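A.B. asks: Starting from the known structure of chain A, arrange chain X on it as the hints suggest.
There are 2 protein chains.
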Amino acid sequence: MTEKNRGWLLAKRPIGIVGREHFEWREEPVPSIGEGEFLVRNRWLSCDPAQRTWMEIDTYIPRLPLGEVMAAGSAGVVVQSKHPDFEVGELVSGAFGWQDYAVSDGSAFGGLVPPLKIPTGVDPPTALSLFGITGLTAYFGLLDVGEPKAGETVVVSGAAGGVGSIVCQIAKVKGCRVIGIVGGARKCRWVREELNADDAIDYKSEDLPIRLGETCPNGIDVFFDNVGGEVLDAALANLAVGARIALCGFVSGYSGIRRTAIGNLYNLILQRGTVRGFLVFDYLDRAMEAIGALAGWAGEGKIKNQIDVVEGLENAPDALRRLFTGENLGKQLVKIADE
Amino acid sequence: MTEKNRGWLLAKRPIGIVGREHFEWREEPVPSIGEGEFLVRNRWLSCDPAQRTWMEIDTYIPRLPLGEVMAAGSAGVVVQSKHPDFEVGELVSGAFGWQDYAVSDGSAFGGLVPPLKIPTGVDPPTALSLFGITGLTAYFGLLDVGEPKAGETVVVSGAAGGVGSIVCQIAKVKGCRVIGIVGGARKCRWVREELNADDAIDYKSEDLPIRLGETCPNGIDVFFDNVGGEVLDAALANLAVGARIALCGFVSGYSGIRRTAIGNLYNLILQRGTVRGFLVFDYLDRAMEAIGALAGWAGEGKIKNQIDVVEGLENAPDALRRLFTGENLGKQLVKIADE
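Each protein sequence line maps, in turn, to chains A and X. Counting the first sequence from 1 gives a position; the numbering used here is that position plus 111. Counting the second sequence from 1 gives a position; the numbering used here is that position plus 111.
Bound conformation, chain A alone (with noise of 0.2 Å):
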């Protein structure tokens, strides 16, 4: 092969916003394989907010070494192979990080997400979006944690994002009223006229607290928080209850400003709510339930599967950026190779 191997390197730990500056673009040979090993052609890269934490602290991982290739979700073809369960051809998803090429022994990255094989019929950006860790994040943190009954307020924070769209159709799906927080009036547009939701509240032109006041008369039964910050403060002034938090994300706070103050958690005592974080990999056992869900929704039109999509590897760290800068709606791909 004559192909080089193009990727990006994580050159520094980010402070603000994360950007190409964080990265170091690298060329080297295409890679070349083991016994037990296989060769997997990198061709769509999954953009996600918690890849800007691995950057930073140890979480669930330890965070990512300065001079590696930068971590992320992807999914591709496998091209070569002397692994006994991967052939040449087939397509897989994993952990392949920001490169064209990657080696792979079949290990889950971070002992949480192996590679998998994905199944005839699905192509790579749905393998990536509603049927992989970003649809399974909505289904696993709306109904297990979020647990939402017919007729039951559910506001959904980052509702123009990758999880945040999903999460509002399937709180549709189960029969509640639906208010999508977002930053912009095209996103408020997106997720009332698309996703359905019955309300949409614009957090950068509109008072937040109070318009949740006015689209929640009766409180909010179930909070799912992409956000955290002064968004979580504005729900938390306005819980219903009873009411169930569930806490999947801090985009507020990856970008620095961690030490929001956050006045309202006493009303957590006077309406008996729940904030409960969680994380997807706790749920992977049970992927199957959620995909099953998941494609039944999609085949009857109730879910859209809305993607966003960065060309080009070199383009990488802007399309990650993007989910920072509130500027992709539905989940944010980046294509890196041809069919």
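Treat the hints with care, since some could be wrong.
As the list claims (entries may be wrong) - One side of the interface only, derived from the structure: several residues of chain A facing chain X at Cβ under 8 Å:
hint : residue
1    : 371
2    : 372
3    : 376
4    : 377
5    : 381
6    : 382
7    : 387
Think of the hints as simulated: they come from the structure by calculation, not from any bench. Note that the structure is a prediction, hence the values are computed from the model and not measured. Just so it is clear, CB atoms sit at the ideal spot from N, CA and C, and this is done for glycine as well.
C.D. replies: Just chain X, lined up with the frame of chain A:
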């Protein structure tokens, strides 16, 4: 009856720590009763942090009106009765307020706390502490919300207070390691020696986040929080996977500084932690279960019921203030009349 009915009226909404300046002394004739009513001679008043909140804001009850008798849990004896269920000479507990005499028609304070006969053999101070709202709060908050398992590490803030001191002891009964957080060396000693806590931390003279790390090397499994604010934040930084936080009170916030910067909520995601607020009123239908268990443990010498008594109705404002200056050891009561 020629005796006067002395009492304290709520005169001002508190800002900062509550004290004598927020109340007005009143003397009036002892009230007479109508059909279906009974007259109680108050003997003991219960001091509870929630009273500070009732004075300031609407909660599960509308905030207390200015110019009316300050609300408080209390215990006394029926001295006149035209009520079929209450006889002269019976000991009763209820929310009869900061006054010598109160008329009751048997209805529940705020729809929550009805007048109850104190069982034979239970003295009023015990009825207002271990077998009252205080003991029930400790019992249901720790066991139903915190769900501690034997061998787990339980941390209790306000550990030398009325609720906290009982929580520590129930956790020991359940086979947990118990760390108490208190203010001052005297309370540290008391929590270690009298409550048999495995360790105690003086948040005033020690670095709480660091000491929590030292005393809970495997993280906190259950945090029973009476304090909120920085104490809660320090606990959030030291959670074990699957930690449960029972939010009982927010004493740090009751004196006005409610918008404390909470920086570690994100850790709820990493550790899959749960924060749950509760009100004891939701558990009153199971009061007998709790009282039975608490009485059993007290009988076996496993739970000591520590009370802290201020003498005289005229000193009720000072007694309440003690909860917020941290002067009380165990349950704060006011004795206002002899038997």
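A.B. asks: Give a verdict on every hint.
C.D. replies: Structure-based check of all given hints:
This hint holds: residue 371 (chain A) has a C-beta 7 Å from the nearest C-beta of chain X, less than the 8 Å allowed. Annotation: residue 372 (chain A) was flagged as interfacial toward chain X, and the flag holds, the nearest CB pair being 5 Å apart, inside 8 Å. Of the supplied interface hints, the one on residue 376 (chain A) holds, with its beta-carbon coming within about 7 Å of a beta-carbon of chain X, less than 8 Å. Taken as an interface hint, residue 377 (chain A) checks out: its beta carbon lies about 5 Å from the nearest beta carbon of chain X, inside 8 Å.
At about 5 Å, the closest approach between the beta carbon of residue 381 (chain A) and any beta carbon in chain X falls short of 8 Å, and the interface hint on this residue holds. For residue 382 (chain A), the interface hint holds, the least distance from its beta-carbon to any beta-carbon of chain X being 7 Å, beneath 8 Å. Using the Cβ-Cβ criterion of 8 Å, the hint placing residue 387 (chain A) at the interface with chain X is satisfied: the shortest such distance is roughly 4 Å.
Going through the hint list in order, the structure satisfies each hint without exception.
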